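The listed protein sequences derive, respectively, from chains A and B. With the working numbering applied, the first sequence corresponds to residues 1 to 425, in that order. With the working numbering applied, the second sequence corresponds to residues 1 to 110, in that order.
There may be inaccurate statements among the hints.
Unchecked claim - Derived contacts from chain A toward chain B, CB cut-off under 8 Å, selection only:
id : residue
1  : Leu42
2  : Ala137
3  : Arg189
4  : Val194
5  : Glu211
6  : Glu215
7  : Arg225
8  : Phe229
9  : Pro230
10 : Lys233
11 : Lys285
12 : Leu288
Just so you know, the hints here were simulated from the structure itself, not pulled from any lab data. Note that the structure is a prediction, hence the values are computed from the model and not measured. In this text, a Cβ means the ideal position worked out from N, Cα and C, and glycines have one as well.
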Amino acid sequence: MKFGLFYELQLPKPYDKETWDAEDEHRIVKEALEQIEFADSLGFDYVFEVEHHFLEEYSHSSAPEVFLAAASQRTKRIRLGHGIVLTPPPVNHPARIAERVAMLDLVSDGRVEFGTGESSSDMELGGFNVDRAAKKAMWEEGLRETIKMMTGEPYCGVNGDYVQMPERNVIPKPLQKPHPPLWVACSRRETLMVAARMGLGALSFAFDSPEEATERIAEYYRLVREEPFPIGKAINPAVAIVSTFMCAKTDEEALMKAWLGGPFFAYSLAYYYVDAAQTPHRPGKQHLWRNFLNTPLEEHMRRLEQRAGIPLGAGTGESQSQKIIGTEEEPKSESQRALWRAARRGATIGSPEFVSKSLKKYEDAHLDLMILVAQCGMVKHDDIMESIELFAKEVMPEFKERHAKQQEWRREQLRGVEYPINSTI
Amino acid sequence: MPKPADIKNEKLRELLSAAQSAIRSGDFTQSVRQSTEAVRQLLIMRPDVFTADPLAGTRQALPPVVGARLVTENVTEPQVIFDREKFTMAEAMTWYQYALESVITGEARD
């Protein structure tokens, strides 16, 4: 299993002020770049940067190609992932995506991972006048045309449902041939299997427990083998899970430091993706951080479960993860139990020993890549740097040593696949 | 993970086998029609599938918003409303996978 970092560039408003301080956005961008440079030097394999628009406090990363270009000049080896680019044409014209991804691939010496997605928040879809019912079709057409533009000399043009463009030679072309590895964001469970069929790496946000991951990863690879309909010129068979992260010397210290990160991440996610459907966000006027602190966490989690219909195990015994709670497998001490429950929901929080043990279950499930969300909520930069260092020195080495076994398993899974493969797993 | 052939209910098995075949033959619109019909039939037979099951721990979410909608309120039985006449490959795969997982979830509860 490989490891990466994931950046939303979260920026909660100061509790006692109505807006951010003038330097806040500048500060988090510089801190994130420093974290990525450090992670690269310590051997992290990937960094993924989101594209979100208008999601105040939740994500201030609307121009990932600029951020990743900056990261490319401060790092040497780490893969630079779009996590993701919004390919519906009303948000990004395919030609502009092809041009930007290719240029990033050139300036980074071929280190781009091309993650794609369609968005699902009303704030974003409404902001760009994207019809929710057509967004998947838009994603597909936008991606299909982008790939043709990256590989065609010239691009033959299209008169599609969402893109109309005459013949042009879209330049520059990416350094990686035929194009950088392709990914898609999977926020719904069925999208993982769509990714498999279309030859796309799956960036999963589905909160899978290790047992669920085992079954679904096996099915993903079966579909790659048996039901391929690749959208690209090369497939990228890979499954990644995004996980909230904090590694510290003791479990208690990790919990304490993570407290102002992961829960706010979950809260703000639910706010924009679930709650806002009922009560629209008022741009520039709301204060998520203050609301978050003033509401009990269990209440936030319960609302998310109820409205999304996705049991996350908020302590109500409603999820598959929770079925084991109360059995002998559950730790007795309070802090250990909190971490154990978080780990069952895919969080990577705890001491190196605890985190290593939790991650081993995902490694056994044949997960290719665990992407860690370190920068979230009000987690301090110094704590993130310490967490990255501790994890890289005390957890990552054993997984790196064993990764050859995963690659062997993968080769076996992909035996007989006839399509070209461009994957960095 | 089960395949359409493993589905016990004959009607649902036929619908999802047809949806799968339609994807393979490139008829994505036909596939969406078969898959959404399977979900509609399942809603009639097993409406409980679409609510979280505390014991089974299933996560069956609401249907995707992908060019077709399932209407359950103010109708005598569930209906499918199509927003468009033509569907894409990704849309067909999404509906097919959702329908398949929903049926499997339902049959696992029996």
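Do the hints match the structure? See the list:
1. Leu42: Hint violated; leucine 42(A) Cβ to chain B Cβ min 35 Å, cut 8 Å.
2. Ala137: Interface hint status for alanine 137(A): holds (5 Å vs cutoff 8 Å).
3. Arg189: holds, 7 Å
4. Val194: For valine 194(A), the interface hint holds, since the closest Cβ of chain B sits about 4 Å away, which is under 8 Å.
5. Glu211: Where the cut-off is 8 Å and the nearest Cβ of chain B is about 10 Å from glutamate 211(A), the hint is violated.
6. Glu215: Given a least distance of 6 Å, the restraint on glutamate 215(A) holds.
7. Arg225: At about 14 Å, which exceeds the 8 Å cut-off, the nearest Cβ of chain B leaves the hint on arginine 225(A) violated.
8. Phe229: With Cβ-Cβ at 6 Å, under 8 Å, it holds.
9. Pro230: violated, 11 Å
10. Lys233: Result: violated, 16 Å to nearest chain B Cβ.
11. Lys285: violated, 28 Å
12. Leu288: violated, 24 Å
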